[in-house]
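Q: We have chain L; now place chain V with the ligand onto it with these hints.
Here the protein sequences come in this chain order: L and V. Residue numbering for the first sequence follows our numbering, starting at 1 and increasing by one per position. Residue numbering for the second sequence follows our numbering, starting at 476 and increasing by one per position.
Worth flagging that the hints you see were computed from the coordinates, not collected in a lab. Watch out, some of these pointers could steer you wrong.
No farther apart than 35 Å at their CA atoms in a straight line, the calculated lysine-lysine pairs in the DSBU-like style are these [stated by the list, open to error]:
hint : chain 1 : residue 1 : chain 2 : residue 2
1    : L       : LYS379    : L       : LYS322
2    : V       : LYS616    : L       : LYS171
3    : V       : LYS657    : L       : LYS282
4    : L       : LYS171    : L       : LYS264
5    : V       : LYS616    : L       : LYS251
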Amino acid sequence: MTPRTLYEKIWDTHVVARQGDGTCLIYIDRHLVHEVTSPQAFEGLRAAGRRVRRPDLTLAVPDHNVPTTRRTDAAGNRLPITDPASAAQLAALDANARDFGVRYIPDGAAAQGIVHVVGPEQGFTLPGTTVVCGDSHTAAHGALGALAFGIGTSEVEHVLATQTLRLTPAKTMEVRVDGALGFGVSAKDLILAIIGTIGAAGGNGHVIEYRGEAIRALSMEGRLTVANMSIEAGARSGLIAPDETTFAYLKGRPMAPTGADWDKMVAWWQTLATDEGACFDKSVMIDASTIAPTVTWGTSPEDTAPIDGVIPDPDSFDDPAKRVAAAQSLAYMGLSAGTRMADVAIEHVFIGSCTNSRIEDLRAAAAVVGTRHIHAGIKQALVVPGSGLVKRQAEAEGLDRIFIDAGFEWREPGCSMCLSMNPDRVPPGERCASTSNRNFQGRQGPGARTHLVSPAMAAAAAVSGRLTDVRELMA
Amino acid sequence: MSGVTRITGRACPLGLANVDTDMIIAADHLKTTVRTGLGQYAFEGLRAAGSVLDDPAYAGAPILIAGANFGCGSSREHAVWAMMDRGFSAVIAPGYSDIFAGNAFKNGLVAVELPQAAIDQLMVGAPDSEIMVDLDSMTVKRGNLSFDFTLDPFRRQCLIEGLDEIAITLRDDPAIAAYEAKAPALGWSMGSAFAV
Ligand code: SF4
Numbered sequence: 001m002t003p004r005t006l007y008e009k010i011w012d013t014h015v016v017a018r019q020g021d022g023t024c025l026i027y028i029d030r031h032l033v034h035e036v037t038s039p040q041a042f043e044g045l046r047a048a049g050r051r052v053r054r055p056d057l058t059l060a061v062p063d064h065n066v067p068t069t070r071r072t073d074a075a076g077n078r079l080p081i082t083d084p085a086s087a088a089q090l091a092a093l094d095a096n097a098r099d100f101g102v103r104y105i106p107d108g109a110a111a112q113g114i115v116h117v118v119g120p121e122q123g124f125t126l127p128g129t130t131v132v133c134g135d136s137h138t139a140a141h142g143a144l145g146a147l148a149f150g151i152g153t154s155e156v157e158h159v160l161a162t163q164t165l166r167l168t169p170a171k172t173m174e175v176r177v178d179g180a181l182g183f184g185v186s187a188k189d190l191i192l193a194i195i196g197t198i199g200a201a202g203g204n205g206h207v208i209e210y211r212g213e214a215i216r217a218l219s220m221e222g223r224l225t226v227a228n229m230s231i232e233a234g235a236r237s238g239l240i241a242p243d244e245t246t247f248a249y250l251k252g253r254p255m256a257p258t259g260a261d262w263d264k265m266v267a268w269w270q271t272l273a274t275d276e277g278a279c280f281d282k283s284v285m286i287d288a289s290t291i292a293p294t295v296t297w298g299t300s301p302e303d304t305a306p307i308d309g310v311i312p313d314p315d316s317f318d319d320p321a322k323r324v325a326a327a328q329s330l331a332y333m334g335l336s337a338g339t340r341m342a343d344v345a346i347e348h349v350f351i352g353s354c355t356n357s358r359i360e361d362l363r364a365a366a367a368v369v370g371t372r373h374i375h376a377g378i379k380q381a382l383v384v385p386g387s388g389l390v391k392r393q394a395e396a397e398g399l400d401r402i403f404i405d406a407g408f409e410w411r412e413p414g415c416s417m418c419l420s421m422n423p424d425r426v427p428p429g430e431r432c433a434s435t436s437n438r439n440f441q442g443r444q445g446p447g448a449r450t451h452l453v454s455p456a457m458a459a460a461a462a463v464s465g466r467l468t469d470v471r472e473l474m475a
Numbered sequence: 476m477s478g479v480t481r482i483t484g485r486a487c488p489l490g491l492a493n494v495d496t497d498m499i500i501a502a503d504h505l506k507t508t509v510r511t512g513l514g515q516y517a518f519e520g521l522r523a524a525g526s527v528l529d530d531p532a533y534a535g536a537p538i539l540i541a542g543a544n545f546g547c548g549s550s551r552e553h554a555v556w557a558m559m560d561r562g563f564s565a566v567i568a569p570g571y572s573d574i575f576a577g578n579a580f581k582n583g584l585v586a587v588e589l590p591q592a593a594i595d596q597l598m599v600g601a602p603d604s605e606i607m608v609d610l611d612s613m614t615v616k617r618g619n620l621s622f623d624f625t626l627d628p629f630r631r632q633c634l635i636e637g638l639d640e641i642a643i644t645l646r647d648d649p650a651i652a653a654y655e656a657k658a659p660a661l662g663w664s665m666g667s668a669f670a671v
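Bound-form chain L, shown alone:
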């Protein structure tokens, strides 16, 4: 049999029908639904008199709009959501989830959180499955060896109605990271460096498989961070082959198989890894030991620099379009070429988002904070756990005290300042060190200036009031 990649194996396993034109009808095993991209899809079903084909394979959870301030009063009553538009979307999800009978974790449940944190945490996401969600960071689930990708609202409706999608096969790209990450360098630095290398459109049309020693050495949390940002490299999705780390992470999760089913599934999952000799359409090799803690200076995730580097001169780019874009980025960011990254002063810090809001992220940030206090120049520093369960775990470990004592705000789970659909936002012209995944113009609020960093680097920026090489604080 011809050697196949992980992607090809999952694809082949999910073909329901091959159409004459090269597209395939692909079965979808897991569908995550949130409040922003689903109301129109459910409306479409109602209008056409259609049902959700597999409510048991569909999991709805609100995250984008939910406030991250306290949601109950002193007596334990739910507080109303003040923004009427947010409240309407949340109410629509609630009604749709109940009317169509899909699995549902409502706002206020302990397990509620960001869809991409909740899916793996509940064992809803499994290796070898196809996972979709009306959200571009669905690629995160690829960390468990699931073929996972973001879809638009019409596709959400299509999956709800048919449990399938009509797709053309993607091209395959291997990103092989050999060697070991250095002291103070995390999965976030790794993925930022990868995007800096291949570019924001470098993965267009491809599914990336992350391979090599440095990837194998990552924890599940670290792998989720890497796969999460595949979309920032333009890829359809990212994949990491399931292995013992994956199985250990999943075992015992509420929706994961148990007993004989578990053994059967593990046996199948073990066959999924890319075969020796399988071909990728494109290969990129990266040496992990060359990567420093990495930050972004511009308004595209490809605008990366090592923390000990300087802001590049737009004229230094070969591509004329990139020269224009870089100049526009720097104007928006209020920065000039040649400035040392470590000299950039920060006013806001955001630790959260589906990229970096898991327990390990919070531990890494808290370890850097220690007994320090946030810098006087910091106006707001938020820590937003990715789910209620992450929050509870962090509190059991006393991480909340470390953050609160240092001057951080300890919030309720949600997307928060990652895209500022709820009240959390960075004011115009102000600068934020953020553990989220997008530094687009206005992403964290109109005029907001975002520097993407790892959790440890965000903590370092919080305590020193500027972008800081976390290795100096850890020494």
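A: Okay, now just chain V with the ligand, sitting in the frame of chain L:
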């Protein structure tokens, strides 16, 4: 969805590369439960900074010319709804993010891919000269300029006939049911308890 074969009219020469979905429609405007009324917010940030999008010469132009990697970023279909609500029926660019291209197609927004060299030629020219995007001959024409493009045949047929893709897929229902009976990832029953 009604079918479309030919789009003729002025083309707004935006030309910018990496126009992301946040630029097309900011997150602030995603809190809607309907598909309509988003046109007023389309490209808000770009327009606030002064843009050809507000040049009266292109008022009501049905075609947008853009640079590489158009629609990158989020999966929000609101970007397509906002563009269509603003009056665009077609975009011409050297390339699109995969999700945007899919969303555009599902809503009947014709996303045509032409090489950068062709875009460069279309970017210059009198504002009052009309462009024609023709799905029949698969060409973009302006005056004596003519560029061929390609489009997935299924998508082309759906666009021209205005077909409902869900109805087409539901014709395959027996195949879907047969698949479900043997699917490896569905071979056990998922626990229903949430960790609380
Ligand atoms: S945390 Fe940010 S990127 Fe992740 S799902 Fe929420 S809004 Fe999207």
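Q: Confirm or reject each hint.
A: Each hint, compared with the structure:
1. Restraint check: the Cα-Cα separation between LYS379 of chain L and LYS322 of chain L comes to about 33 Å, which is no more than 35 Å; the hinted pair holds.
2. The suggested pairing of LYS616 of chain V with LYS171 of chain L holds, with an alpha-carbon distance near 31 Å, which does not exceed 35 Å.
3. Of the supplied pair hints, the one linking LYS657 of chain V and LYS282 of chain L holds, its CA atoms being roughly 33 Å apart against a limit of 35 Å.
4. This hinted pair checks out: LYS171 of chain L and LYS264 of chain L have alpha carbons roughly 30 Å apart, not beyond 35 Å.
5. Only pairs whose Cα atoms come within 35 Å are accepted, and LYS616 of chain V paired with LYS251 of chain L is rejected, the gap being roughly 59 Å.
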